[in-house]
Amino acid sequence: MHWAWQGAGPCLGTEGRDSKLPAIAEFDSVGLRYGTGAEVLRDLDFRLAGAGFYFLTGPSGAGKTSLLKLLYLAQRPTRGRIRLFGEELSEAPRDTLPPFRRRIGVVFQDFRLIRHLSAFDNVALPLRVAGASEEEVEGPVREMLAWVGLADRASARPPTLSGGEQQRVAIARAVINRPQLLVADEPTGNVDSEMAKRLLHLFTALNRLGTTVVVATHDVGLISATPGADLIRLENGGLVDPTGMLRNPPPERP
Amino acid sequence: MMLRWLFASPADRRLLGTSRFRGPTPWVIAIMSFSIVIIAATGLALANTASSLSDAIQARYALEVPNGGENLDALVATLKAAPGVVSVQPVTESDMRRTLQRWLGPAAQSANLPVPALVNFDVRTGTDVDAIAKRLQSIAPTAHVSAHRDRVAPLLRSMRALQWVAFGLVLLLSAAAAAAVVLAARGALDTHRFTIEVMHGIGATDLQVTHLFQRKIALDALVGSIVGALAGALVIAALASGASLAGELTGGARLPAIDLCILALLPFALTVLATWVARAAVLAALSEAL
Numbered sequence: 000m001h002w003a004w005q006g007a008g009p010c011l012g013t014e015g016r017d018s019k020l021p022a023i024a025e026f027d028s029v030g031l032r033y034g035t036g037a038e039v040l041r042d043l044d045f046r047l048a049g050a051g052f053y054f055l056t057g058p059s060g061a062g063k064t065s066l067l068k069l070l071y072l073a074q075r076p077t078r079g080r081i082r083l084f085g086e087e088l089s090e091a092p093r094d095t096l097p098p099f100r101r102r103i104g105v106v107f108q109d110f111r112l113i114r115h116l117s118a119f120d121n122v123a124l125p126l127r128v129a130g131a132s133e134e135e136v137e138g139p140v141r142e143m144l145a146w147v148g149l150a151d152r153a154s155a156r157p158p159t160l161s162g163g164e165q166q167r168v169a170i171a172r173a174v175i176n177r178p179q180l181l182v183a184d185e186p187t188g189n190v191d192s193e194m195a196k197r198l199l200h201l202f203t204a205l206n207r208l209g210t211t212v213v214v215a216t217h218d219v220g221l222i223s224a225t226p227g228a229d230l231i232r233l234e235n236g237g238l239v240d241p242t243g244m245l246r247n248p249p250p251e252r253p
Numbered sequence: 000m001m002l003r004w005l006f007a008s009p010a011d012r013r014l015l016g017t018s019r020f021r022g023p024t025p026w027v028i029a030i031m032s033f034s035i036v037i038i039a040a041t042g043l044a045l046a047n048t049a050s051s052l053s054d055a056i057q058a059r060y061a062l063e064v065p066n067g068g069e070n071l072d073a074l075v076a077t078l079k080a081a082p083g084v085v086s087v088q089p090v091t092e093s094d095m096r097r098t099l100q101r102w103l104g105p106a107a108q109s110a111n112l113p114v115p116a117l118v119n120f121d122v123r124t125g126t127d128v129d130a131i132a133k134r135l136q137s138i139a140p141t142a143h144v145s146a147h148r149d150r151v152a153p154l155l156r157s158m159r160a161l162q163w164v165a166f167g168l169v170l171l172l173s174a175a176a177a178a179a180v181v182l183a184a185r186g187a188l189d190t191h192r193f194t195i196e197v198m199h200g201i202g203a204t205d206l207q208v209t210h211l212f213q214r215k216i217a218l219d220a221l222v223g224s225i226v227g228a229l230a231g232a233l234v235i236a237a238l239a240s241g242a243s244l245a246g247e248l249t250g251g252a253r254l255p256a257i258d259l260c261i262l263a264l265l266p267f268a269l270t271v272l273a274t275w276v277a278r279a280a281v282l283a284a285l286s287e288a289l
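For the record, the sequence lines run as chains A and B.
No gaps in the numbering here: position 113 of the first sequence is 112 in numbering that gives the first Met the number 0, and each next residue is one more.
No gaps in the numbering here: position 254 of the second sequence is 253 in numbering that gives the first Met the number 0, and each next residue is one more.
FYI, nobody ran anything at the bench for these hints, they're computed from the structure.
Incorrect hints may appear among the rest.
[As the list claims (entries may be wrong)] Partial chain A-side listing against chain B, Cβ under 10 Å, derived: (1) Gly30; (2) Tyr33; (3) Gly34; (4) Val39; (5) Gln74; (6) Val105; (7) Arg111; (8) Leu116; (9) Ser117; (10) Pro125; (11) Arg172.
[Said to hold, decoys possible] Pair by pair, the computed Cβ-Cβ distance ranges are: (12) B:Leu282 to A:Glu86: 23 to 29 Å; (13) A:Pro158 to B:Ser8: 22 to 28 Å; (14) A:Gly30 to B:Glu196: 21 to 27 Å; (15) B:Trp163 to A:Ala91: 47 to 53 Å; (16) A:Arg75 to B:Phe6: 48 to 54 Å; (17) B:Ser53 to A:Arg93: 37 to 43 Å.
Model, not experiment: these values are computed from the prediction.
By construction, the Cβ of each residue, glycine as well, lies at the ideal position given by its N, Cα and C atoms.
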């Protein structure tokens with residue numbers, strides 16, 4: 000396990016991977032405040048390596064969800080710069096953002112499923128938005144629903160699904176497009192340990208195929224079950240360095 | 000293709016649910032369409048009536064002799080012989096008295112009531128009417144020749160003013176329909192805010208989202224405006240049939256094929272307007288989010 004560290008130098012921990020991989024996300028002195036309130040994120044300086052696997056941890060209210068919003072382009076920083084996929088997007092015109100969003104899969108804490116659509120249609124949505132034909136949609140969506148154990152619930156609508164089933168639909172929707180960056184906010188919060196293992200297996204499989212994965216979680220078991228992953232810890236809106244070695248990171252965390 | 004958005008896939012149609020025609024939009028549009036068709040038909044009928052009247056009296060003059068028709072036969076003969084005069088129609092005294100009876104009652108038949116002599120005549124274009132008038136005055140010095148168009152001019156002016164009022168009302172109603180569509184679009188955006196957020200989050204463009212709403216409002220507007228226009232057409236048909244008092248009043252008004260085509264196109268024009276306004280309203284609202 001590696002600890003994430005600040006600075007514009009090498010990418011955040013990249014155990015088992017080439018640390019010279021191009022960064023998929025770069026934060027440079029990033030701050031965020033909502034309205035006229037206090038900053039909820041401040042002075043964030045870090046880079047996420049392409050094909051990296053990161054856990055984002057920290058106490059409630061530390062700013063994890065806000066950081067994820069910046070990553071999946073639901074929010075602009077109030078200061079600093081963010082580069083995603085090699086492009087400066089902090090102040091990019093809004094009509095240039097959709098193509099970048101299509102390269103990001105997001106698992107929301109509250110699932111964000113469209114209630115009046117079936118599980119199938121919810122999972123198919125990213126493919127349809129990207130312009131896939133119905134023939135191109137049918138197979139992958141059935142396969143993904145089968146993978147998350149919901150093959151027989153394809154026509155069910157979210158209100159008729161349990162919390163765990165809804166979460167699996169949300170995860171299937173997030174990964175159906177083989178995103179380059181997968182962002183998940185507490186993805187195992189509503190699933191049993193067996194399903195959590197399967198989801199983690201899905202995430203690591205996607206990661207091996209080149210997807211950068213960022214998972215916000217309190218689940219220590221999930222973190223410890225992913226030995227190659229790196230850890231980003233947030234407290235009070237800033238990155239912290241629990242080892243005191245942010246500037247001189249060790250090759251491996253003790 | 001410009002109209003590709005109109006033919007959304009079933010999956011796209013499911014995105015906004017299946018609540019078509021439940022909202023007030025089709026009904027508001029239907030009322031607007033009904034009113035627009037009636038007012039436009041009235042305006043067109045007025046225009047046609049004014050035009051017919053104007054054409055009919057353009058070359059028509061009246062010879063009036065206030066003290067009666069002692070020399071009427073000589074005057075008529077002079078008129079018939081005058082160059083450029085194509086027709087002469089003396090109005091008989093009995094006809095004059097019958098006309099006056101509408102205002103004066105039985106007193107119009109009184110021998111004490113002096114009734115002027117009146118002769119209508121039509122001339123060819125370019126005829127020297129002043130020369131004819133002088134010739135007539137040499138026979139009856141009190142004879143007076145006047146153009147019908149001068150007498151009817153105030154009526155024609157009123158009719159043309161009413162046409163403009165009708166045109167203005169059509170524009171006002173169209174603007175009101177557009178405002179109703181803007182409100183409907185905003186309401187639909189509020190109702191489907193969550194769906195829009197999810198779609199934006201997974202990379203949908205503003206145009207993709209807009210097309211969903213544009214299509215829904217276009218269909219609502221099309222149905223509403225056709226229903227309204229059909230109702231309007233029924234009323235116009237009833238007025239034009241002459242079966243009612245209104246029919247009698249509009250008996251002189253005609254709607255030729257070109258006007259009927261204009262009226263038939265109005266609901267489609269209203270649909271295009273509603274669709275365009277909905278598109279602009281949705282795009283403007285979406286641009287306020289990231």
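Quick rundown of the hints versus the structure:
no.	hint	result
1	Gly30	17 Å, violated
2	Tyr33	13 Å, violated
3	Gly34	15 Å, violated
4	Val39	16 Å, violated
5	Gln74	7 Å, holds
6	Val105	6 Å, holds
7	Arg111	5 Å, holds
8	Leu116	6 Å, holds
9	Ser117	8 Å, holds
10	Pro125	5 Å, holds
11	Arg172	8 Å, holds
12	B:Leu282 to A:Glu86: 23 to 29 Å	24 Å, holds
13	A:Pro158 to B:Ser8: 22 to 28 Å	24 Å, holds
14	A:Gly30 to B:Glu196: 21 to 27 Å	24 Å, holds
15	B:Trp163 to A:Ala91: 47 to 53 Å	51 Å, holds
16	A:Arg75 to B:Phe6: 48 to 54 Å	36 Å, violated
17	B:Ser53 to A:Arg93: 37 to 43 Å	58 Å, violated
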